[in-house]
Amino acid sequence: MKRRQFLYGVGAAGAAGALGAAPAHARRPATHPAPRPLGSAPTVTPADIRFPSVSRPLRYGTPRQVGLLPDHVARITTEAESFLTPGPGRPTPSFPGCTLIAVRDGVIVAHEARGHALRYAGWDDRRGEPVELPPDRWVPMAKDTLFDMASVTKLFTSTVAAQLAEQGVIDLDAPVARYLPPFAASDPAKAAVTVRQLLVHRSGLVPWLNLYALPDDPDGDNATRMAAIYTSALQRPPGTGYAYSDLNMITLAVLMEEVTGSPLDALVADRITGPLGLRDTLFNPPPALHDRVAATEDQPWTGRGMIRGSVHDENAWALGGVAGHAGLFSTARDMAVFAQTLADGGRYGRTRLMSEDTVRAVLTDHNADIGASPRGLGWQVDQRFYMDALTTPVTAGHTGYTGTSVTVDPLQRMVFVLLTNRVHPTRERGTDSVYRRRPTRAFARAVPVRPTSGRTAWRAHPAGGDAAHLTAPLRPHPGRASATFDLWYDTEPRYDVGTFAASTDDGASFSPVPLTLRTRAADAHRWSTDGTFHGYSGRRWLTASAELPPGTTHVRWSYAVDGGYEGRGVHVDRLRVTSGGRPVFDDTRPADAARLHADGWSPTRT
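Using mature numbering (1 follows the signal peptide of the UniProt record, and there is no 0), the letters of the sequence shown correspond one by one to residues -26 to -1, 1 to 580.
Check before you lean on any hint, since a few could be wrong.
[What the hints assert, rightly or not] Simulated restraints on C-beta separations: (1) ASP45 / ARG152: 50 to 60 Å; (2) ALA197 / ASP244: 16 to 26 Å; (3) THR430 / THR552: 14 to 24 Å; (4) ALA187 / GLY63: 34 to 44 Å; (5) THR276 / LYS117: 28 to 38 Å; (6) GLY63 / PRO156: 45 to 55 Å.
What the hints contain is simulated information worked out from the structure, not anything from laboratory work.
All values derive from a computational prediction rather than experimental measurement.
Even glycine gets a Cβ: it sits at the ideal position worked out from N, Cα and C.
Full structure from sequences and hints, please.
The following block contains the structure:
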């Protein structure tokens, strides 16, 4: 899977320090978007987010109630369901079952379950194929099926840490060893590791250790396994690089247990799931709930066979099922409530988990200074590999190895939860996150892009790796000409690129033409490009203008994608070229509009 990242200047400094020794110094909500440097495209920071003044509990409704396109909302389930069977580029199903929930403005517009929570008895390594149960023992997936959330557990661990920092119980910029002395007792280099570095995976700890192979301690306190983490050598100096590591969150959970005197499961219950009423979110579900749990993997190497009701992650299992990196079980509905709390600025209904200042710090990319994987405080931000067209510099979420994912777009006030049992019966299936991207893309594109004038605008829809072209022939004209048009784009930065180009040889060849772009707000922001455009532009219509080369005969709008991650696409409207003050092309004129040649573009009202 490709894991390309594009870093935006998200003004991390203010929010990054918000949860240090003095929580009161957190950045306040901005009345207006922060100013942008001239010459660069607009972006967004956590300070720009306007959280709702009232938070209402989730309720069911229709797409139209919240301004969404019903056909695209219907495609969310269709796209997810398509991965229950083999398809192009995947010789096996990506997962046997899934549950999903899509929310905008607190309204649940889709909540569906497909496939099976239990279908297989095991995995035949020699044959490389699953061993199916008799069909009468298959268990259908349900909307209230509990899933092993795997690394999505990290969001709960991180939220407790953010709460403790907000309350002044811990200082995120203090050394871990201040709260957990054994952490650095055998390695002086670890004395420099901070709590914040655990949260953003810049501690220098190795990505993984085989803790489950170590012997159990007689008193069950996991001292031997924790000692293995404390004595492991750092792979790089703290703060100098990024490496995703489960050990960060395992250590953070133990640190919080030491500081508060409460185990992690009690902290999560007392501070998150209890206040929010998440009755189906817990560690170590009791046997009475196992019939509602989606099965995961056949693990003969741990002596457990087909796992159902016990945590899949071997290290979390060895740690007793309660660990900072994995172990939590939940339902799609419970996860949507938790995610909505972030979208609403730290509260859900009348319950407040965190201040808005803390949420802004959580959504800030704390890794922008090293150009590594964007990370908030424990939450992933700006991760297109699964957020796809919901991605913005402040979109947050996390994935879980078992096939789970949560995405929160606080700008569009959208939450998408997709829970699958993709490791059932083996972890070798569903390893590419395309099954996450496709339904997420359908949800994102349910937000309409309305034309700026008239009934329709033009939307590009390149397919099969070919670029889409929209070409306008100009009427003969003396001298130079200039072009203006409205432009809306939201694409994968650097890889999915739009271009405005001109031809001086009657359409035989085209060259990009430098563009000036500006926002349409009263405080318009203006910048220039070489004729190309890509990435995030604020999800708004822009006004584009260009001076065309002498002798221009045609102009063209193009959009090319690489077929991987995507955004919400490219739209153009009000296409106009003038020479000497007179129009030589104007798409509002029927005769000119009829001369447009569209290859991979189509008129759309949305």
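GLY63 and ALA187 - C-beta distance against the hinted 34 to 44 Å | 35 Å, holds
With 16 to 26 Å as the target window, see if ALA197 and ASP244 comply at their CB atoms.
-> 25 Å, holds
Measuring from beta carbon to beta carbon, are GLY63 and PRO156 in 45 to 55 Å?
-> 48 Å, holds
Lying within 50 to 60 Å: is that true of the beta-carbon distance ASP45 to ARG152?
-> 55 Å, holds
Given the range 14 to 24 Å, decide if the beta-carbon distance of THR430 to THR552 lies inside it.
-> Check passed, 22 Å falls within 14 to 24 Å.
May I ask you to test the hint 28 to 38 Å on the CB atoms belonging to THR276 and LYS117?
-> 30 Å, holds
Violated hints for the displayed structure: none, as all numbered hints are satisfied.
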